[in-house]
Amino acid sequence: MQTPLLQPALQWSGALSRRTLNDTDFMQWLQIHCEAPITDQRIRTWLEELGGQPMSEQALATPDCRRVLRKLRERVFYGVMVRDLAGLASLEEVTRAMTSLADLAIAQAYRSVMAQLCERHGHPVDPDTGRPQEMIIVGMGKLGGRELNVSSDIDLIMLYGEEGETSGSRPISHHEFYGKLTRMMMPILSEPDENGQVFRTDLRLRPDGDSGPLAWSLDAFEHYLFTQGREWERYAWLKGRVIEAQAFADSESTVTLQHVESMRLPFVYRKYFDFDALSALRDLRERIRQDWNRKASARTGVDAQHNIKLGDGGIREIEFVVQLTQLIRGGKMPALQKRGLLSALSAQVRSGVLPAQIAHSLKKAYVFLRQVEHALQYREDGQTHLLPSDEMSRASLAQALRMEPRAFEAQLAEHRRFVEATFRDAFRLAGLTGSHFAGHPLPDTDPLQENGADPAQAVNQVAEDDSLESMILLFGASSEQVQSRIDAFLDGHRIRSLSAHSRTRVDELLPLIINASLGTSAPQTTCFRLLDLIETIAQRSAYLALLVEFPATLVRVAMLMAASPWAAQYVIQHPVVLDSLIDWTSLMESIDFIRLRENLQADLDASMLPDGQPDVERQMNLMRDLQRQVSFQLLSQDLAGVLSVESLADNLSALADTLLEQALIRTWKLVLARARLPYRDPQFAIIAYGKLGGKELGYSSDLDLVFIYDDDNENAQELYTRLAGRLTSWLSTMTSSGRLYEVDMRLRPDGDAGLMAVSVESFEAYQLNNAWSWEHQALTRARFAAGDPVVGQQFEKIRERILTLTRDALDLATKVREMRQKISAGHPNRTELFDLKHDEGGMVDLEFVTQYLVLLHAHQHPELVPNLGNIALLRISGELGLIQSETAREAIEAYRVLRKRQHELRLQGQEKARVAPEELASVRLAVRTLWKEVLGN
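Residues in the sequence shown are numbered consecutively from 0, following numbering that gives the first Met the number 0.
Don't read these hints as lab results, they were simulated from the structure. For every residue, glycine included, the Cβ atom is placed at its ideal position computed from N, Cα and C. One thing to keep in mind: the hints can contain errors.
To be verified - Only pairs whose alpha carbons sit at most 25 Å apart, straight line, appear in this in silico DSS-like list of lysine-lysine: (1) Lys911 to Lys690; (2) Lys690 to Lys814; (3) Lys821 to Lys911; (4) Lys836 to Lys899; (5) Lys690 to Lys821.
Stated by the list, open to error - What follows is a set of in silico ranges between Cβ atoms, one per label pair, in the way DEER data are often shown: (6) Ala715 to Gln52: 52 to 58 Å; (7) Val789 to Asn936: 45 to 51 Å; (8) Ser166 to Arg229: 36 to 42 Å.
Whenever a hint applies, use it, and build me the whole structure from the sequences.
This is the structure:
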């Protein structure tokens with residue numbers, strides 16, 4: 000008797016109708032068991048019930064295993080069908096149930112055959128440990144991503160650990176043993192009999208496909224991946240997952256899983272944005288379209304329209320859009336390394352690499368198309384992706400999906416149109432538009448274009464004869480020097496040692512370099528700097544590919560190098576920033592530090608070793624790469640004139656605060672793990688002094704830091720000292736990505752002789768009783784930067800108490816002048832030029848006056864206590880009448896000019912900011928006037 004629960008499935012599915020026609024017991028079973036979600040645990044329970052024993056007991060005999068697995072598949076398949084068509088099961092429940100079924104079926108078939116083979120040949124044994132050696136079964140595709148459809152094939156790759164031979168009286172080699180094991184497993188899963196089949200299985204994704212061995216040793220497989228692995232195999236291995244299948248209780252399956260992951264991750268995900276893969280991925284995209292169109296034309300000619308998986312706007316195109324971004328960016332952004340498509344979509348939105356609206360529409364289309372796919376496969380329990388071609392059958396399909404036919408057709412058409420358009424636009428959407436992707440010109444206005452030059456035109460500026468020699472002649476009088484430099488470049492050992500592929504890339508780049516250089520105000524200098532860059536990155540084929548694929552990026556690099564020698568050197572030292580130049584529009588956007596923090600935290604959290612421990616080196620490099628890229632984004636905005644010096648310093652300081660916060664989080668976990676202590680939040684604060692404390696950080700500034708804590712734990716001093724050491728090391732250690740920041744801790748109590756971390760009480764006592772006046776001066780520019788906000792508040796209270804102490808004006812002035820003289824003696828200027836920072840009338844004079852005003856008057860004027868920066872504090876001092884308002888105004892303007900001019904000189908590559916005395920005479924006079932009014936001669 001049909002019930003409301005079973006009725007939709009029985010009306011739509013001929014397979015279910017036939018199965019229940021004379022089996023009321025099965026119909027009743029479905030009625031009882033389909034009310035609740037079909038979970039992993041329920042499927043395990045059904046397996047034990049059908050097998051008549053707990054899963055932990057010995058393996059089922061092969062005939063019993065065949066029968067039990069087919070009965071289990073029947074329950075799961077018809078169970079999800081009933082729930083799905085009744086509107087009770089989500090797509091996630093359906094795909095998760097089918098994946099759980101596949102995992103269990105593979106594991107049971109494996110145990111069954113392993114037991115049979117071991118009786119005949121003995122156990123395969125790891126020669127190093129003497130323990131039984133498992134086979135490693137890797138699920139690929141939708142099985143690996145835990146998103147099987149209801150009639151999926153399952154793609155498997157079979158691996159094993161060490162070569163050797165079995166331990167029995169009739170031993171065979173491991174190679175032969177695991178090949179037999181694979182061959183005997185397949186019929187249990189895929190051979191049809193009176194009970195049907197479990198899953199069709201496909202082993203063709205293994206190396207060499209059908210012509211290769213059925214099972215590969217880990218060593219042979221690893222060698223294959225990293226010497227012969229192709230781009231489509233990276234695409235396939237993106238979802239690769241080791242199936243939990245264990246035949247021996249005392250085997251080391253965890254170690255093996257870690258080994259496979261340690262191979263998979265670097266093969267799939269390259270360290271930096273993988274532009275070297277673009278060409279292969281473009282070919283893959285076209286092959287996806289052409290292969291299906293060719294097959295469709297060979298049949299009815301309309302299959303492309305009706306196939307919701309492989310046709311235009313189908314499921315395969317959604318998968319490509321999502322996985323393209325993963326493959327290109329996933330190595331640099333570990334948070335994108337997700338196997339499942341929907342989780343990968345969510346990660347891309349969180350990371351800001353895919354617009355939320357596009358991701359939302361892709362998700363809706365994916366869920367809709369997968370549900371349609373399942374309905375089609377429920378019909379006759381077959382692997383089909385073809386929509387019915389007749390109107391009546393289409394209407395029945397719509398009804399099975401609980402939709403009106405018109406609404407179904409409209410929604411189907413809308414989703415497929417969107418998916419097809421997104422698929423065609425996949426490379427631009429992923430931020431990967433370049434010379435090979437038409438229809439997406441550069442922005443109309445590029446803030447760095449010089450002399451009205453248009454970067455889009457600069458890409459196409461060539462000589463009539465486009466040979467390299469002819470193009471070099473465009474340099475005019477300096478052509479001979481350019482030719483000599485290129486000859487020396489090509490003869491250098493870095494270029495001569497390149498692979499043929501990379502050398503081809505260099506040859507392609509040379510005319511582009513000349514083109515880009517000629518579009519700048521300093522062609523010869525820019526050309527030489529670009530050649531220096533290519534020499535630096537020559538061994539990294541991904542960077543060469545980036546510049547070849549995106550010649551507009553090369554043009555922007557040229558503009559930066561022409562604009563600033565310091566910027567040129569920065570790019571050469573940190574080529575990781577090059578990918579930032581692809582999308583000039585986003586490069587010019589303000590930094591969203593909230594999103595930056597979230598993305599960084601997600602990437603660091605995802606940077607784990609296969610054994611579950613944090614990958615410290617990778618985490619450190621991620622933070623260093625991020626620091627370079629954000630600094631470069633700010634540098635680009637700086638050179639384009641869209642950032643003031645003050646805004647630049649604010650942004651660089653905010654970046655440092657963010658990185659300090661994450662460094663503290665990571666190192667604290669390591670310290671606790673080393674001490675074998677359970678996790679608790681650190682009662683610890685990072686105090687910033689100097690430029691970071693005053694939020695005046697520059698591109699290459701050191702960090703002046705002090706560490707304090709407030710913790711009554713008996714081992715607090717030891718713990719936080721260890722944390723301070725680990726944190727300082729994290730920040731300043733040189734890794735393959737460079738150093739994050741130079742750290743200076745000499746401002747801590749007792750300087751170099753003091754403890755690395757001090758308690759709040761000790762810090763306060765030192766400041767009250769032992770600190771020198773210059774240390775109180777330094778305290779005016781100190782602030783809580785990262786860590787426990789409660790400890791940070793305690794610091795701010797101590798700072799306020801110290802700054803508001805009553806001081807003798809004459810004594811304080813004497814000490815400030817003495818300290819100023821020491822600073823001058825330590826930075827002698829033996830030239831006739833004016834040193835903007837250290838000479839009389841420079842920035843140090845102004846900073847010392849401001850500090851003096853705070854220390855002398857804060858006890859009467861608490862508005863001077865907050866760390867507001869020199870400009871705000873001088874303005875307040877003028878408003879309070881502590882200095883003449885006109886003096887304050889002129890000093891503020893002088894400070895702005897000095898900072899701006901210092902910054903300009905640094906960008907021009909000057910290590911010391913010095914100019915002719917007459918250039919800033921009025922500025923210097925304003926600072927001298929301030930000093931004389933406040934501190935005398």
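Structure-based check of each hint:
{"no.": "1", "hint": "Lys911 to Lys690", "result": "holds (17 Å)"}
{"no.": "2", "hint": "Lys690 to Lys814", "result": "holds (22 Å)"}
{"no.": "3", "hint": "Lys821 to Lys911", "result": "holds (19 Å)"}
{"no.": "4", "hint": "Lys836 to Lys899", "result": "holds (12 Å)"}
{"no.": "5", "hint": "Lys690 to Lys821", "result": "holds (20 Å)"}
{"no.": "6", "hint": "Ala715 to Gln52: 52 to 58 Å", "result": "holds (55 Å)"}
{"no.": "7", "hint": "Val789 to Asn936: 45 to 51 Å", "result": "holds (46 Å)"}
{"no.": "8", "hint": "Ser166 to Arg229: 36 to 42 Å", "result": "holds (38 Å)"}
This entry satisfies every hint, going by the numbered hints stated previously.
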